[in-house]
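Each of the two chains sits in its own frame; use the hints to bring them together as a complex.
Below, each chain spelled out in residue letters.
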Amino acid sequence: MEAAKFLDAKGFACPMPVVRTKKAMDGMAQGEVLEIHTTDKGSIKDMAAWAASTGNELVKQTEEDGVYKFWIEKA
Amino acid sequence: MIKSMASKEVAQKIFNKEELFILDVRNESDFIDWKIEGENFSYLNIPYFDLLDGVEGILDRIPKDREVLVVCAKEGSSVMVAEMLDEVGQNASYLSGGMKAWSEYLQPVKIADLEDGGELYQFVRIGKGCLSYMVLSKGEAAIVDATRMADVYMEFAKEKGAVIKHVFDTHLHADHISGGRKIAEAASGSYWLPPKDAEEVTFPYEKLTDGIEVTVGGTSIMIQALYSPGHTIGSTSFVIDSKYLLSGDILFIDSIGRPDLAGKAQDWVTDLRESLYKRYRKLSDELVVLPAHFMIIEELNDDGSVSEKLGTLFAENHGLNIENEEEFRRLVTENLPPQPNAYQEIREANMGKINPDLEQQREMEIGPNRCAVR
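Chains F and A supply the protein sequences, listed in that same order. The working numbering puts the first residue of the first sequence at 9, with every later residue one more than the last. The working numbering puts the first residue of the second sequence at 6, with every later residue one more than the last.
Isolated chain A (complex conformation) (with noise of 0.2 Å):
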């Protein structure tokens, strides 16, 4: 009998660095362009109907003592190859859900406990490398940058027994899409959005600008914004309880935000590099930055969270350290990574201008999420 093998668990084996053998089945291009990654992970990538006439061929290219995962798009084709593995021997398990659901998966990770029993969750979707904030404090909540998986946030804050109350997005998101919209409107709570980046959305939304605060949970916790353009032209941070720094798609740990994703990189250019050298230097070193996006695996911490002082990013992070302002420009507008998939459609999505049905939005959200530049 082949098993099946939930995201849940490869998420585990990744923030535990075991070993696992991945046969990927899908394509070689969608196989070099995304994958499954974790620090200890071997791969072997085999097209499914390259094995139709059976798996003897590939056999001793897969090791008998280590755990065998196969993948592929959907599930469909890597039972097939699983089922043809264990007929010959060969013990092997297949992705439930394939890449889609890995995708899809979102691991809470708890980041901090906040003043008077307040808590603060990071959302790691592993496999597409976002992540999405909780903030919650005596019965109420807040969410950043929120997947389009609502049902996990809003399941998570009723087991919390909070209510949502406000939902931010730091910035109008290219990558993915937002579930932000969805969210506010099932829980009756405010969507915010930065106003230069909403310009051509087609719902009500609150503006969210340069020094607004919030309170999560009567005036134990404060979330307060900063603008700091340059990924997009409204890309706002925040500042929670004076210690954490949501810093958005404009500096992540090992990377740096990507100008160009609504083709204004030399407009922008500018911005960035405000906000990066100028803004984000008269913060506290103390602030822990908790990005939206990570690129590489070894950016996540040992407990699967992704953070880390700003005092330290400003020591290590190689966008932060360039003097020459051209020199910045070029990097962050030359020779630049391919944009994340349909990018152009996910603005309109997340403008509200197209209402794509949930197939349609899994299929634009296909592979990593491209938004940094290193």
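Chain F with its partners taken away, still in its complex shape (with noise of 0.2 Å):
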């Protein structure tokens, strides 16, 4: 998948990757994708919970080795 930029929130805990996804989705244009990934296991709903509630879609989310990779469009 494209994405217009990338977020390594791996090694924080929450709050921290919602908190960056965030502010990077802050900066990008509508229709742009992010990708991000993290470590904490919290941010698995967090992720598709805060995307659900600010509109944003979660188009695609996978785990490989303790990664968990999530790709964020922006509304």
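No lab work stands behind these hints: they were computed from the structure.
The calculated lysine-lysine pairs, modelled on DSSO-like cross-linking and capped at a C-alpha distance of 27 Å, are:
no.	chain 1	residue 1	chain 2	residue 2
1	A	Lys-105	F	Lys-18
2	F	Lys-18	A	Lys-79
3	A	Lys-105	F	Lys-77
4	F	Lys-49	A	Lys-40
5	A	Lys-283	A	Lys-212
6	F	Lys-18	F	Lys-30
This is how it looks when you write it as structure tokens:
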């Protein structure tokens, strides 16, 4: 998936993955995709819930070797 | 400056029936699933990620005249939100260690003085509704249904100057990881399990069967095992000092055990009926029932303990008063509440088949215990 921007939030505990995602998205244009990597298990639910709450679309989500990857499209 | 509040302080507020306003900043689904329960607590659930632009929008929903505690899963988000509240002039504390710490907090409550200077303590795991027990007598201790926070029991016994001789599990638990084996190993004591629940365990244990009697402190305190299957096929109760009935997950204060957590509801429902309606019926009404769980905060007595006379439960517990066997079968096999989180993995951990690390154990135990039906 083509991401306009990449955010490495590995090693950060809640709430930082979502806080940083929000900051990164604030500077992006509508339709652009942000790719985020985290290691905090809580971010699995929180990213999805944050996206739903803000109207941004979580287009893809995977897990590889303890790294959670998210692709969120800005609304 | 924002303040942290320890789980112990929150537990005291529950026992004292104090008021507390909880701003829970976890996901809505996590909040609905499991939260801090107190009779005079009130709640507002707003996920932290909805507050990133500021807390001004929720200030009118937070009482000015009451203590406000911000709660999240592990602490981080609650610190952030408490700081944001502080910046706009709203006093707030955060729960130290979050729900993770809350789930692990154990409050020892003295149940009784026993013969010859002996003591019986109940350890209330208030965040998860688990109850465990310690019998102390003449420099010896026995523990029943220990949680995985093994250090708490070992420290407690040490403070009391007692050596842990026996560690029992009334059954193979499905809602929490037992600390029994760990404690027994550390104290060089015996670890007892009902053999019918332990067919697949990977470690040596003492066979806990009907009629076994163990003494604590020489001949002073007698613990008698009573086979009472139904929640599991091996479930065993204990009668201590002919006065206290440790009922495990068979009988609770306002509910009864569920027979389905090993996938055998239909097979075990007859055992459950027999244990509750025949075996327990033969016991003295004067026995004080001490279960392995509570479900709702109303089951706590004023001193924070969970106990009731067996005679009272026969009169008042709905699950003990269903005459029709078919109706009983339906109650305990149909429309059951959801199973405890990760219950199959927890059973495997308690059998020694898997060895999750501490972080994984915490993750597996998230949520309430859900071992009962009402």
